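Use these hints to put chain B onto chain A, whose structure you have.
One line per chain: the protein sequences are A and B, in this order. Sequential numbering from -9 applies to the first sequence in this note's numbering. Sequential numbering from -9 applies to the second sequence in this note's numbering.
In case anyone wonders, no lab produced these hints; they're calculated from the structure. Hints are supplied without guarantee of correctness; some may be wrong.
Heads up, the list lumps identical chains together, so a pair's fine if it works in one copy or across two of them.
Only pairs whose alpha carbons sit at most 25 Å apart, straight line, appear in this in silico BS3-like list of lysine-lysine [said to hold, decoys possible]:
1. Lys64 / Lys35
2. Lys211 / Lys170
3. Lys21 / Lys65
4. Lys210 / Lys98
5. Lys183 / Lys226
6. Lys35 / Lys189
On a predicted model such as this, the values are computed, not experimentally measured, just so you know.
Number of protein chains: 2
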Amino acid sequence: MRRFTARILHFFSPNKQLVLQLEHLLGYTPKHLPYYQLALMHRSKIEELAQNNERLEFLGDAILGSIVAEYLFKKYPTQPEGYLTEMRSRIVRRETLNNVALRMGLNKLVQYNQNDRGLSRSHIFGNALEALIGAVYLDQGFSRTRKFILKQVIKPYIDIAMLESTDTNYKNQLLSWAQKNSFVLTFDTLEEKIEGSRKVFTIGVMLDGDLIETGAGYNKKEAGQVAAQKALEKLKVKN
Amino acid sequence: MRRFTARILHFFSPNKQLVLQLEHLLGYTPKHLPYYQLALMHRSKIEELAQNNERLEFLGDAILGSIVAEYLFKKYPTQPEGYLTEMRSRIVRRETLNNVALRMGLNKLVQYNQNDRGLSRSHIFGNALEALIGAVYLDQGFSRTRKFILKQVIKPYIDIAMLESTDTNYKNQLLSWAQKNSFVLTFDTLEEKIEGSRKVFTIGVMLDGDLIETGAGYNKKEAGQVAAQKALEKLKVKN
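So that you can see chain A by itself, here it is in the shape it has in the complex (with noise of 0.2 Å):
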């Protein structure tokens, strides 16, 4: 019935065609458009931060932050913290997010400076469909708003099988750039000590003999890791 009253409201606004389309990209009939509206104005367009989606963006990055971290808590019952931290970095990359916002339509809604040629290189789409997120909570609520991100956001559009099997072995992947840049990669133990009842040992990563960056673990392949993972973020290695 409520569903009803709104699509009857919506008939006689002048934003039917935007409430149709937004119909089929959120699965329900929105209430309360304006909060639609902002999610979809980027700042190129209105520079007034209550008029553009920018504040939204941070209430539903947030947002679809917990509703990805309980979805991976209960897909993975026996994968440790660190998978699902890594996990749930790998779904809501500004890069994967972009590519599902671009899949679903949101170029043809969002609102910028087209002129703005930087712009279409940049993760604006990626960006407004964290707003869209922060916009569905604010007017259905958070139980709607996980419906939403489960059906219409994870299942058709982001391949967890794909995103599983990315190399997560910082070592390899540091290894191999260094070898086609001809650097010379070691890496040396600097330090073992006693943490209350556990050893703690602490990596450094060594180009050509100089100390890039150092990590820190439970046992040396931990470490390893860390310290491979800060010198690829360092270097600005791409994966």
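Using the frame of chain A, we list chain B on its own:
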């Protein structure tokens, strides 16, 4: 009625003491006690990941982040996204949460290896608070978790006004650190370029003439703050 039934059941349980303590802490009677027992079990007591609180901490951290995001979004309707992000990081940072957890008395409930002296200096109680939030979410759902965080955690224990007034002027922080340590600090404009229709500035932080970090922004002030913040992190200067 459900609360009454839960109480009756717990009255005959060997965990009566724990239930009473949790009721006091949470403001309601837990339904499924094992979630809470798991949340209170530190890895130093049980390594097995299905039996310690690290996975729940991952979940609770995300739920807390989203509830704090919504709280700030509504509390500061006119502040930009950057302000909300900064305020959230102050609320959920390890030191703040650990302090809150101690004042809530979680140190009396968490099971950990008390012979491990390193632990008392770490943030295990703040982490257990996050895990407890994960347990509340699994046991009671989002709405109750939201209420718990707002009424039992933020309202009594988080001094928002104090967190607001903490110095966010990273340039000033860096300057006073440099003076104390007799470094010559300068901020140099390294680049001004047009991205789309907007100018983007890149500012470098120089310490005794060496480039430490760079920051980019739509004006020099913003770019300088970004650069200073990154330099403070790199140099591990404490606020």
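Checklist entry - How would you label the pair Lys210, Lys98 (within, between, both, or neither) given a Cα cut-off of 25 Å? => result Neither: 50 Å inside a copy, 34 Å across copies.
Checklist entry - When no copy is specified for Lys64 and Lys35, does a C-alpha distance of 25 Å or less occur within a copy, between copies, both, or neither? => result So Lys64 and Lys35 pass the 25 Å test across copies only (24 Å; inside, 40 Å).
Item to check | Up to 25 Å CA-CA - Lys226 versus Lys183, copy category | outcome: Classified as between: cross-chain Cα gap 21 Å, same-chain 30 Å, threshold 25 Å.
Checklist entry - Is it within, between, both or neither when you check Lys35 against Lys189 at 25 Å Cα-Cα? => result For Lys35 and Lys189, only the inter-copy Cα distance (16 Å) is at most 25 Å; the intra-copy one is 55 Å.
Checklist entry - Given a CA cutoff of 25 Å, do Lys21 and Lys65 count as a within-copy pair, a between-copy pair, both, or neither? => result Close across copies (23 Å), not inside one copy (32 Å); limit 25 Å.
Checklist entry - Which holds for Lys211 with Lys170 at a C-alpha limit of 25 Å: within a copy, between copies, both or neither? => result For Lys211 and Lys170, only the intra-copy Cα distance (23 Å) is at most 25 Å; the inter-copy one is 39 Å.
Checked against the numbered hints listed earlier, the structure breaks hint 4 alone; every other hint is satisfied.
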